[in-house]
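**Student:** Residue numbers (this note's numbering), protein chains in the order written: chain R, 1 to 339; chain E, 1 to 317; chain H, 1 to 279.
Please note: incorrect hints may appear among the correct ones.
Claimed, not checked - Below, a sample of chain H positions facing chain R; criterion: calculated Cβ distance under 10 Å: (1) 219; (2) 242; (3) 245; (4) 247; (5) 254.
I should point out that these hints are in silico values taken from the structure, not numbers from a laboratory.
Note that CB positions come from ideal geometry on N, CA and C, so glycine has one too.
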Amino acid sequence: MKTKIIRKQDMTGLLNNLIQEYEVFAPVKRDDLVIFDRIGSDKDVSLEYTNSIKPPKEILFPQSETLFTCGSIGDAASIEVPVSEERPRLLFGIRPCDARSFLLLDKVFNEENHRDVYYLSRRNDMMVIAIGCIKPRATCFCTSVGGGPFSSQGSDLLLVDIGDDYIIQVITDKGSRLVEKVGVADAGENKLALMKMVIQEAELSMSPQIKTDGLKEKLDSAFDDPIWGSLTEKCLSCGICTYLCPSCYCFDIIDEVTDSKGERIRIWDSCQFPLFTLQASGSNPRPTNKERHRQRVMHKFSYCVDNYGQVSCVGCGRCVIECPVNLDIRQVLTTISNR
Amino acid sequence: MSELSGQIREAVRKLLRQKEVDLVIGFEAGTLPLHSTPCFIREQQEAERLIWNSFCDNNLAKYLGKRQEKIAIIAKSCDARAIVELIKEKQISREQVVIVGVPCHGMIDRRRAEAELEGKEILEAEENDGELTLKGNGFTKVLKRSDYLCYGCEVCFHRNPVIYDILIGDGVAEKATDQYSDIAEFEAKSTEERWRYISDQVSKCIRCYACRNACPLCYCRECFVDNTHPQWTGKTTDISDTMIFHLMRAFHLAGRCVGCGACERACPMKVDIRKLNRKLVSDVKVLFDYEAGISLDRTAPLATFKPDDPEGFMLNP
Amino acid sequence: MNNPYLPSPMRIEGIVTETEDRNIKTFSLSFLDRGNEAVFKYIPGQFAELSVLGKGEAPFGIASSPTQKGIIEFTVNKIGLLTTALHNMEPGETVGIRGPLGNGYPLTTLQDKNVVIIGGGFGFSTLRALTTFLLDKSNRNSFNNITVIYGARSPGLLLYKDELREWEKRADLQLYVTVDKGDKDWEGRVGFIPAITKEIAPRADNAYVLVCGPPAMIRFTLPVIEELGFPPERTLLSLEMRMKCGLGKCGRCNIGSKYVCRDGPVFTLAELNRLPREY
């Protein structure tokens, strides 16, 4: 792996350089919340953050997007798909857990038979520059689900904060081309030693929080366990855990009409909402908290393993922190594991 | 606080032992610092799980609807006020619920406490004698508890449960403060300023419906935003859709909102939902001299009509 | 790149009101762009998403057989926003179609087998497509005995009445039509599908049974089928779920890790027995 180095104060120049060429999305502070947004200059960026409140998935898979418009109701011949004229996107300063989530989203939206043109139009030329976590939170459990505070999966470049400098780990060819183009120095031996220390310290600060060995089998066999009822009784059926999840991708497709223009829109949807599975006949295969929350856990830790060969949780901890009733997925998984 | 936990457990054990109730809804320790979490207890020996502290901020009245069993609920004053409204709105009968009232000193707003630490992570929180001790890697910070209350608690004037069957602990002194000064301040702004503020707030909404789902009085079987036939509002996060959701919800709670702040605490995007709700709480108080959840006998102003009802707000808005 | 979310426009060629209560209609559609017909290759048991632009999109089983050239048929029960919009449309108007979607009935597996078809109510539409396919003269010799048991709540709710009359006359098909409750003009069978199936007792040897209908009918019919000796591997069910994308992505129609829209809607009972009971 190639490693480069850049002084922190030089990052400003680099970012402004990138803004010339890419649509750059970076963590910015809005009120008291850190979110990912398009930036116009380096001054907007706030890298001193633990993680954003909303995951960066919306940059690839927006909460609502137009699939097509049509001239008038019933006129299927007048369909128009919005064409993006935008420059390629660059995600700057995302966390390794969120970068890993893109690999799962890729599997879902870039399946051989059904390539999602909307997702891919943003994804194909996208550059991901992640920043490793020198201070993982107590709610982070990336190491329990195959990631780590400095995991490079899903990133083109990975920054490691070593005090006055960032080490730039060059992960992909695309990343390599970028660093060659902007011209940054190679990292020296002593800086690399410092980087190793920083990484080791962060990794050591994290302890395994869920037992993933045999978890899928355990979940599959515990499907009918009444414990699901008591584990989920307090759930409010809101959409926080799914909407703030970097790897939840369920959606709905709806039509809207303004004046004489019809629009077909894809919007995020949540398995936690009763309407999600309610059939027109009135029957609902997941009528209560129990079935709905079980679905979320099973989808992440069993069904996605069957369908995509990996769990669809990157251990970012957003659902743990933000659940209004402290329904903690780590506790749910541990309880099931111990059955 | 631990004293109150003990008294709650004792009361609950007795209720379950004497089979007066089938289910107890209370709080147990959460998995995160500054968090307690709702719990559901059906066996005497589980009463040990129950706790009481300054982090019991959920409104447990939310869990009362659509149940058959006889329920005991550990209710702080705003939970009790929500229960009063739910009884009046026939969502639960007075006989079905045993209210274990707990006088309340106000709950801690964990975001306010966190803001004090400039991004440092709280790993442990303790409270005693009006102090809140927060600990993390390499720091200990002691805060004055009363400076970090939830906003709804700061402006609460009914800290003793207005209705109960069993009262835990001693009553607490009620506060006497200038009511609704925050709303008066907001009202003094120009229409444009107010609209911009509300628009900015609402534009953060991600439509997770946590506000609605945490609200003890939002119990419609089908919320108007979920209705598709007819469809009252769009489902996107466009401000025109989210604004309708928040405005309509606020109006639907006019004269019913008990000001517990559950909506605001649930919101992950920190939308200032209370501004709308409290404006209506204030209007209902000024126009109809009515406060929701205080009396089982008084009909909610929007559920009744009197010839001398004030109507200036309609004729001269 | 092919965009799986784009519907192709189809013209409504004809509308048949199937039932007395006028709540079920069959729509015959043809592609505005004739070239799409060759692309839309389907087999019985598959479904498609129909759109009325501005109103939305919903999945419907294809009620016609690929042996019927030039048109594709859908039988639509008026139950929600989109189906109401469809019911209000007239011949000559345009709808959108996406598909074909799902796996369909396993035609090669059924070859040289006895086929027992059991359909209840509205669920009969894709079985009608299958029956039409099997009876087509180019296909009939590839399959052994064909038995069709079809029931509706009342005579007025029977679908495809003209076809049923044609099928009655055929010697190469055993057709049993029943209603839960008759009326003064009804001279046919009266009785619930499970009871009728038990009475007819189709033979299980070298046979497959295909079932589609309301949940209650399926629940009571399955034990009868089992008793008649059909093993779960040779019992096929077509399931219904709320669906949106039809591509196994939007997340709502799964039973365990199987998506009804992508891996189904047709499953063997043996497959279903291995999945969680969440349907």
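**Student:** If a hint holds in the structure, say so; if it doesn't, say that too.
**Tutor:** Consistency of the hints with the structure:
{"no.": "1", "hint": "219", "in the structure": "13 Å, violated"}
{"no.": "2", "hint": "242", "in the structure": "5 Å, holds"}
{"no.": "3", "hint": "245", "in the structure": "7 Å, holds"}
{"no.": "4", "hint": "247", "in the structure": "5 Å, holds"}
{"no.": "5", "hint": "254", "in the structure": "7 Å, holds"}
Checked against the numbered hints above, the structure violates only hint 1.
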